[in-house]
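**Student:** Chains as they are written, first to last, in the numbering used here: chain F, 1 to 114; chain Z, 1 to 111.
Treat the hints with care, since some could be wrong.
[Said to hold, decoys possible] If you anchor each label on the Cβ, the simulated ranges turn out as follows: (1) F:Thr-31 <-> Z:Ser-26: 21 to 31 Å; (2) F:Gly-99 <-> Z:Asp-27: 34 to 44 Å; (3) F:Glu-52 <-> Z:Gly-95: 11 to 21 Å; (4) F:Ile-12 <-> Z:Thr-78: 34 to 44 Å; (5) F:Ser-54 <-> Z:Lys-110: 41 to 51 Å; (6) Z:Ser-111 <-> F:Ser-73: 18 to 28 Å; (7) Z:Gln-14 <-> F:Lys-64: 41 to 51 Å.
[Said to hold, decoys possible] Straight-line alpha carbon distances no greater than 20 Å define the calculated EDC-like cross-link-like pairs of lysine to aspartate or glutamate that follow: (8) Z:Lys-42 <-> Z:Glu-79; (9) Z:Lys-37 <-> F:Asp-88; (10) Z:Lys-57 <-> F:Glu-102; (11) Z:Lys-98 <-> F:Glu-59; (12) F:Lys-14 <-> F:Glu-59; (13) Z:Lys-98 <-> F:Glu-87.
[Unchecked claim] Far from chain Z by the CB rule (all over 12 Å, computed), these chain F residues: (14) Lys-14; (15) Gly-16; (16) Lys-20; (17) Leu-44; (18) Leu-46; (19) Gly-100.
No wet-lab data here; the hints were simulated from the structure. For each residue, glycine too, the CB sits at the ideal point set by N, CA and C.
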Amino acid sequence: GAVVSQHPSWVICKSGTSVKIECRSLDFQATTMFWYRQFPKQSLMLMATSNEGSKATYEQGVEKDKFLINHASLTLSTLTVTSAHPEDSSFYICSADTGGYEQYFGPGTRLTVT
Amino acid sequence: GENVEQHPSTLSVQEGDSAVIKCTYSDSASNYFPWYKQELGKRPQLIIDIRSNVGEKKDQRIAVTLNKTAKHFSLHITETQPEDSAVYFCAASIGGNKLVFGAGTILRVKS
């Protein structure tokens, strides 16, 4: 149980375009979903926290107009990277919890902006 | 805000030896401390966690100890195997069920 999926697993896009990443909890309803960013050989940095039906809470330094988060249901959250640039290239990982502390991670999405 | 420091950044051990990774945290309100294993290009996987009302927890070859007074917790892996090679992250909870992660430790088990 507690499986989280992400789509796509990898994506290449051109500079200036937007990319949408989906995060789904497959076998449970997620109280909260989290979006992380991970650069090569670095740790996971929390970008934002989202709850179904409400606006996402962004961490300090994360541009909310650039990283749009929509949490449409208890099983789906999306992250849209708008006007992507090469410096946005990274590994984006979502996670979900069921109300407790334990977070279940998705497999990640590798974004490359050319 | 919460700051989690993790040491060492890299650790090489011989197969069969033990490995210890240590973390310190700054927020005394933190009460949940998970450890994750991440293989290259894969998702972090929870390997063990501990809550603040417990000082030690063990699961087969893996154990975690917590010292709330000193604000540090450690991961112990005994009888290491080559498949234990990965990056390990500690984390500490902050408000709203959020986690702050340490910088990670690259563990290499040499056979």
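**Student:** Against the structure, test the hints numbered earlier, and report the numbers of the ones violated in rising order.
**Tutor:** 2, 6, 8, 9, 12, 13, 17, 18 and 19
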